[in-house]
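There are 2 protein chains.
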Amino acid sequence: MTQAFPADSIGLVAPQTYSFTEPFTLACGRTLEQFDLVVETYGELNADKSNAVLICHALSGDHHAAGYHSSEDRKPGWWNGYIGPGKPIDTDKFFVVSLNNLGGCSGSTGPGSVNPETGKVWGADFPKLRVRDWVHSQARLADRLGISQWAAVVGGSLGGMQAMRWALEYPSRLRHCVVIASAMKLSAQNIAFNETARQAIMADPEFHGGDYFNHHTYPKSGLAVARMIGHITYLSDHVMGEKFGRELRSGSFTQGLDEAVEFQVESYLRYQGDTFSDRFDANTYMLMTRALDYFDLAREYNDDPATAFRRAQCDFYVASFTTDWRFPVERSREIVDALIAAQKNVSYTEIESPYGHDAFLLPNEHYRAAFGRYMAGIITE
Amino acid sequence: MTQAFPADSIGLVAPQTYSFTEPFTLACGRTLEQFDLVVETYGELNADKSNAVLICHALSGDHHAAGYHSSEDRKPGWWNGYIGPGKPIDTDKFFVVSLNNLGGCSGSTGPGSVNPETGKVWGADFPKLRVRDWVHSQARLADRLGISQWAAVVGGSLGGMQAMRWALEYPSRLRHCVVIASAMKLSAQNIAFNETARQAIMADPEFHGGDYFNHHTYPKSGLAVARMIGHITYLSDHVMGEKFGRELRSGSFTQGLDEAVEFQVESYLRYQGDTFSDRFDANTYMLMTRALDYFDLAREYNDDPATAFRRAQCDFYVASFTTDWRFPVERSREIVDALIAAQKNVSYTEIESPYGHDAFLLPNEHYRAAFGRYMAGIITE
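Chains A and B, in that order, give the protein sequences. If you're matching positions, the first sequence starts at 1 in the UniProt record's numbering and goes up one per residue. If you're matching positions, the second sequence starts at 1 in the UniProt record's numbering and goes up one per residue.
Please note that a few of the clues may not be correct.
The list treats identical chains as interchangeable, and a pair is accepted whether it falls inside one copy or across any two copies.
To be verified - Once the Cα atoms are required to be at most 20 Å apart in a straight line, the calculated SDA-like pairs of lysine to any residue come out as:
hint, residue 1, residue 2
1, Lys220, His208
2, Lys220, Met202
3, Lys243, Arg333
4, Lys185, Gly245
5, Lys220, Glu206
6, Lys185, Gln264
7, Lys220, Pro205
8, Lys185, Glu242
9, Lys344, Phe24
10, Lys243, Gly372
11, Lys120, Asn345
12, Lys75, Val329
13, Lys185, Arg144
14, Lys93, Asn80
15, Lys185, Lys243
16, Lys220, Asp274
17, Lys120, Glu242
18, Lys220, Gly209
19, Lys220, Val336
20, Lys185, His238
21, Lys243, Asp303
Calculated from the structure, these hints are not laboratory results.
Construct the complete structure from the given sequences, taking the supplied hints into account.
This is the structure:
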């Protein structure tokens with residue numbers, strides 16, 4: 001039977017697992033004796049290995065960024081709109097590497113893996129991670145793939161933080177840094193939302209301090225509430241209004257039980273919360289939101305981002321979206337200002353979109369054109 | 001021992017309970033055979049009873065709006081900055097009536113009261129309420145006090161919704177309607193935040209579908225998470241930044257347990273959540289957020305607010321705050337536009353404040369002056 005994938009799709013893809021057995025010391029001081037990373041690649045690595053692009057995922061992302069895992073897949077990877085033949089991250093030109101980060105729950109070593117020292121699931125005992133730990137583990141992956149320098153490191157949101165950290169930690173190992181809908185650090189409000197999400201998980205008695213594997217439980221409802229909080233903040237007020245208005249689900253007030261779903265938006269949120277908590281691991285969610293909160297690009301550079309960016313040797317592309325209130329345009333402008341102060345080459349696009357933070361994942365002509373132009377300008381030999 | 005209250009305070013006040021024994025049919029169709037309202041009054045009712053002002057409280061408010069309950073009180077009532085001698089709601093001029101709404105948890109009949117028909121605590125079986133039910137119960141209170149017409153009905157946030165509903169339900173019973181930091185209906189985003197808060201409560205296994213009294217439990221952690229969600233949305237991003245920045249609690253990352261409180265803002269939020277869940281009833285929170293979600297001023301007026309407001313006979317004062325993103329200035333401007341279209345007298349002040357939705361409770365010179373001027377212009381005989 002012929003598989004009919006869209007012509008501009010990379011088509012069928014399959015993840016691969018890479019095992020790393022050299023001890024890996026983390027920012028928190030603890031050492032992992034070994035770890036696995038699940039990776040997908042799209043396109044071909046060229047002869048001088050100068051066309052590799054690293055994709056860094058955001059909070060709830062994974063390695064499956066583009067293409068399809070089977071002909072039955074209803075949905076392609078999470079960034080399929082921007083990775084593929086003729087797309088901004090053009091797989092006819094680039095060799096694209098996308099991984100599930102350390103600590104993740106899609107196959108890479110994380111809280112759901114077995115701790116080889118104890119023979120038990122790590123659970124809450126999995127070491128706390130910082131963005132730099134991901135960057136260092138990604139560098140090991142680059143070593144394994146024989147990639148001494150990325151043509152570009154690319155990420156949106158938490159992924160953009162990884163891209164910026166790459167530019168500071170391994171200045172000679174990337175030529176371009178692409179930072180989309182991100183920030184040099186979270187605002188107090190952002191931290192507050194993440195903390196509330198974590199509280200929702202911890203409040204679930206099935207969480208057992210993260211030790212739910214050993215208790216044969218799962219904090220599904222806590223994680224669902226956490227996701228609902230996150231989800232509201234990824235959408236703009238406007239798009240929620242457009243999407244749901246104040247539509248009543250039944251056409252009239254039922255005024256029934258508290259459990260009754262009255263508004264369409266409630267039904268949508270409950271669905272989002274439920275499906276997310278079916279597929280995602282609560283400990284990973286705790287760990288990833290913590291890494292997001294801790295990230296502070298310039299913390300060890302006297303809180304001066306220009307000083308930090310002076311270490312960088314690559315060029316930068318920065319993009320933001322007008323209705324993103326979780327990573328607002330001001331945060332991206334701060335990045336651009338710091339880069340200019342550090343005398344770096346930076347291109348910046350502020351993209352009109354009604355879709356809030358989610359816009360970085362969604363189709364948008366201006367975004368695609370501007371992002372595509374920047375990526376097309378990258379020299380790969 | 002002399003009690004030393006601030007000179008501009010109304011001083012010592014004491015709540016009173018009024019019992020209503022006529023059957024009271026609610027918007028949902030159910031009937032309360034009796035109910036109590038807890039009420040505080042400040043100032044003196046004048047001879048022709050023309051100087052009475054009704055205060056309508058918001059989501060988590062109660063009857064204790066001004067003054068002190070004892071000389072040991074560390075804090076006065078919730079709107080003490082705006083109610084008292086020489087203050088905008090001047091107790092030298094007005095007779096101020098402030099009540100805990102029906103369904104509340106500060107002494108008025110609500111989910112925590114005993115259902116006289118069953119002899120058991122109502123719990124989740126307490127009838128669902130709409131804003132109009134509060135208005136009708138407040139009208140009964142006015143009857144009891146012999147007040148045929150309020151000089152003004154005043155409220156902020158959910159209280160402003162009650163004030164507007166008064167103007168439509170009892171056009172001849174108020175001369176002025178004061179609507180602060182409110183809206184004619186919530187946006188989908190607002191409903192989504194409320195729904196997530198309710199989900200947090202329902203996810204707490206101690207909630208038992210609202211029947212926690214009979215289970216001798218209390219959904220404290222769920223209610224705390226609900227309050228944290230609410231609290232973030234009442235503050236502006238800016239003020240959270242000013243108040244907490246990204247200050248670490250210990251001065252450095254501990255990277256310890258997930259339970260560790262790393263940022264000041266987390267510590268603050270947990271405190272807010274905990275103290276609120278100690279004093280507030282979860283069923284009341286469910287019920288009040290539902291009333292907030294359901295409110296839609298113009299729903300039965302062909303969704304045309306000008307048509308709705310044409311019923312009103314009073315004058316209006318509307319105020320909003322620049323950084324309030326839960327009830328943004330646009331929502332107040334819509335009220336003003338509709339009032340103008342309905343050919344009503346309306347004064348409007350847009351107040352510069354960094355404090356988000358909470359600003360309506362906080363000291364602010366411009367707010368105090370503008371609100372005070374409007375109230376001073378009200379003729380009381």
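Problem set entry | Hint check, failures only | Result: hints 3, 9, 10, 11, 12, 13, 17, 19 break, sorted rising.
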